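Take these sequences, add in the hints, and give me the full structure.
These protein sequence lines are chains R and C, in that order.
Quick note on numbering: our numbering labels position 102 of the first sequence as 98, and the sequence is numbered without any gaps.
One gets our numbering by counting positions in the second sequence from 1 and adding 257 to each.
Hints listed in this document are in silico derivations from the structure and should not be mistaken for laboratory results.
Small disclaimer: the values here were computed from a predicted structure and weren't measured.
Among these hints, one or two may not hold up.
Unchecked claim - Stretches of chain R that chain C covers, calculated by requiring three or more beta carbons in the stretch to come under 8 Å of a beta carbon on chain C:
1. 72 to 86
2. 96 to 103
Unchecked claim - Pulled a few chain R residues facing chain C out of the computed Cβ check, cut under 10 Å:
3. R44
4. A47
5. P68
What the hints assert, rightly or not - Restraint-style ranges between C-beta atoms, simulated for each label pair:
6. C:A381 - R:G319: 51 to 61 Å
7. C:D372 - R:G181: 34 to 44 Å
8. R:Q121 - C:L344: 44 to 54 Å
9. C:P462 - R:Q121: 22 to 32 Å
10. R:Q121 - C:T394: 56 to 66 Å
11. C:Q432 - R:A352: 47 to 57 Å
12. R:Q121 - C:W379: 45 to 55 Å
13. C:L371 - R:V268: 55 to 65 Å
14. R:D56 - C:F373: 21 to 31 Å
15. R:D60 - C:G375: 47 to 57 Å
16. C:G375 - R:A352: 47 to 57 Å
17. C:Q432 - R:Q329: 54 to 64 Å
By construction, the Cβ of each residue, glycine as well, lies at the ideal position given by its N, Cα and C atoms.
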Amino acid sequence: MATRIELRQIVKSYGTLQAIHGIDLTIEPGEFTVFVGPSGCGKSTLLRMIAGLEEISGGDLFIDADRMNGVPASKRGIAMVFQSYALYPHMSVYKNLAFGLETAGYKRAEIDQRVAQAADILQIQHLLQRRPKALSGGQRQRVAIGRAIVREPKIFLFDEPLSNLDAELRVQMRLEIAKLHQTLGNTMIYVTHDQVEAMTMADKIVVLRDGRVMQVGAPLDLYNRPANQFVAGFLGSPKMNFLPARLDSAASGGHTISVAGRTLDLGRRLAVTGPDEALMMGVRPEHVVLGENAGPASLGLARVQHVEQLGGETILHTALDQGDVLTVSSAGQLAIRPGSMVPLGLDPAFCHLFGADGRVL
Amino acid sequence: MTSSAAAIPAIHQPAERRALWRSILIHALLIGASILMLYPLLWMLSGSVRPQDEIFGSSSLLPSSISFDGFVRGWSGLQVSFGKFFLNSLIIAVLATIGNVVGCSITAFAFARLDFRGRNFWFALMLGTLMLPYHVTLIPQYILFLQIGWVNTFLPLIVPKYLATDAFFIFLMVQFFRGIPRELDEAAMMDGCSPWRIYWKIMLPLSLPVLATAAIFSFIWTWDDFFGPLIYLNDINTYTIQLGLRSFVDSTGQSDWSGLFAMSTLSLIPVFLFFLFFQRLLIEGIATTGLKR
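Written out as structure tokens, the structure reads:
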């Protein structure tokens, strides 16, 4: 049932403007893949090319063993859930679900059975006779997913399907889509700009920027071992801290760097060309620790500028002596007031070093 | 406390009085303008039921006596019954309206949604025809229809409408179709729809307001058209109402004015009913609320 998708050097150009620059990607059968990236990174364009709604300017798209470049959208075995739901406003929910099957020439009994089954999965049986305008946002979203399910496609595509829902509903629908994936086992591609959705739902995340793949991998792999500064900064909330650093020397054990006016022994060697190279050090807010002797390396005192109490954790926005800004995330509720000075430290093992070109060292 | 309470009406009263006077003035102006516009119509209605000699003799709208002789004379006073003219007008107006709505909506769909070579050029060219007066194309058209033997039939008045010759309606529909979210087309494409099925099952049902608008104007303009039938229809059996009405005015003999006004009054009824019926569609137009925007 589940289907493999392969992109080979996929290119999309609009006249002279190239939007997608030769993307190679393999999505394994049954995998839940999330395309994530900032606005304009090409994630939706890539999805639409897979769907058949956008012409492929160059490269090859394979679904299983078949080249799909010129195949019409409806013949690719794909169903898509749109950001705006795109429900037909003049048809009842039942007609919305049945429309694709009617177009494909299914018998009435088969249509009834499939619609009933999809309605059952999504618990929308009581809505079947209503028009889309009489539904809430969450209900519309379910109908949109139902319209995809009834067609029993090989691949599901989701184009930012939760971006119009409120925060609570978004969490609920996120779980439901994940459950749906477990139940159906289909290959699914999900586009979002929300890195939390990407982290929580994906088997595989594809981070895109300016029409190029920045990194592909399992969510925690990307979180723990970002391949470049962009991925490091994009995934994680609050964002990773970046501090300018300079390579000092190579001792026998590893390199030392200067950062925030202090020397830090990394305990490992970096793939760098020579001393004095300008670097960027990244450290996640949860890896910056509070306290006098917190962590192997001290960053000294920092002034607390702003405190965010989230209940389960406290987020401090601080400034170091040299003016570098550092966000600190600490478990629990800390009684720290803005303006106070706190000692900060970190473990070099959790530090990420990036070269001038943004690549991890 | 007391003084401030007393001060409030003092401040408000002149303002209220001003508003009242403004309202009276506006209403008086509007009523006056309405009477001015309705007067010819009321005069015609009055003329259809008043004695023949009183029609041009009195400027009053109220007839001295009411008589429906004009209706009887008008209906059967010509060589052919006026019912025949009604039927002819109805055939031409209904078929032309259907042709306009179908032809223009298909063309508008192509301009709004399909990608084809030179789309913008053809669209601009089509809009350019809006600036062509009817009279410029009249003679070439007449010669064309004469050569294919269509003169003195309804065909020159009906068939061109199926070829989307009304650029104004095409433009109107293109604008409306562009307002329908493209994602609906894309969803339909994913559902396996061809462009034809998208047009028929998605675009048309969502475009009822603009289709109704086109239908109303198309019907009224065709029904009221005098010049087209005058050029192409010679046999009295093929006459439309407008040509029939002209037959009451005889330049050599005596004109039957009350018959003319009576039939003119009757000729307004279908237009009025057509407007009433389709005007509901304009209001009931389906809102595109399936999309969260």
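### Query
Is it true that the C-beta distance of D60 of chain R to G375 of chain C lies inside 47 to 57 Å, as the hint says?
About 39 Å separates the Cβ atoms of D60 of chain R and G375 of chain C, which means 47 to 57 Å is violated.
### Task
Take a look at whether the Cβ-Cβ distance between Q121 of chain R and W379 of chain C falls inside 45 to 55 Å.
The hinted range 45 to 55 Å holds for Q121 of chain R and W379 of chain C, with Cβ atoms some 49 Å apart.
### Task
Tell me if R44 of chain R is really an interface residue toward chain C, meaning its C-beta lies closer than 10 Å to one of theirs.
8 Å, holds
### Message
Just to be careful: measuring from the Cβ of A47 of chain R to every Cβ in chain C, is the smallest value less than 10 Å?
### Response
Holds. Min distance 7 Å.
### Task
Check the following: the C-beta atoms of D56 of chain R and F373 of chain C are separated by a distance inside 21 to 31 Å.
Holds, since D56 of chain R and F373 of chain C (Cβ atoms, about 27 Å apart) stay within the stated range.
### Task
Starting from the hint 54 to 64 Å, judge whether the C-beta atoms of Q432 of chain C and Q329 of chain R obey it.
58 Å, holds
### Query
Between L371 of chain C and V268 of chain R, is the Cβ distance one that fits in 55 to 65 Å?
57 Å, holds
### Task
For the range 22 to 32 Å, tell me whether the beta carbons of P462 of chain C and Q121 of chain R fit it or not.
25 Å, holds
### Cβ distance range 47 to 57 Å for Q432 of chain C and A352 of chain R, holds or violated
Distance hint for Q432 of chain C, A352 of chain R holds at roughly 52 Å.
### Coverage claim, chain C over the region 96 to 103 of chain R, checked by counting residues with Cβ within 8 Å (three needed)
It holds, with 3 qualifying residues against the three required.
### Task
Please test the hint of 44 to 54 Å on the beta carbon pair from Q121 of chain R and L344 of chain C.
53 Å, holds
### Query
Is it true that G375 of chain C and A352 of chain R lie within 47 to 57 Å of each other by Cβ?
Since G375 of chain C and A352 of chain R have Cβ atoms about 50 Å apart, the given range 47 to 57 Å holds.
In this structure, only the earlier hint numbered 15 is contradicted, and the remaining ones agree with it.
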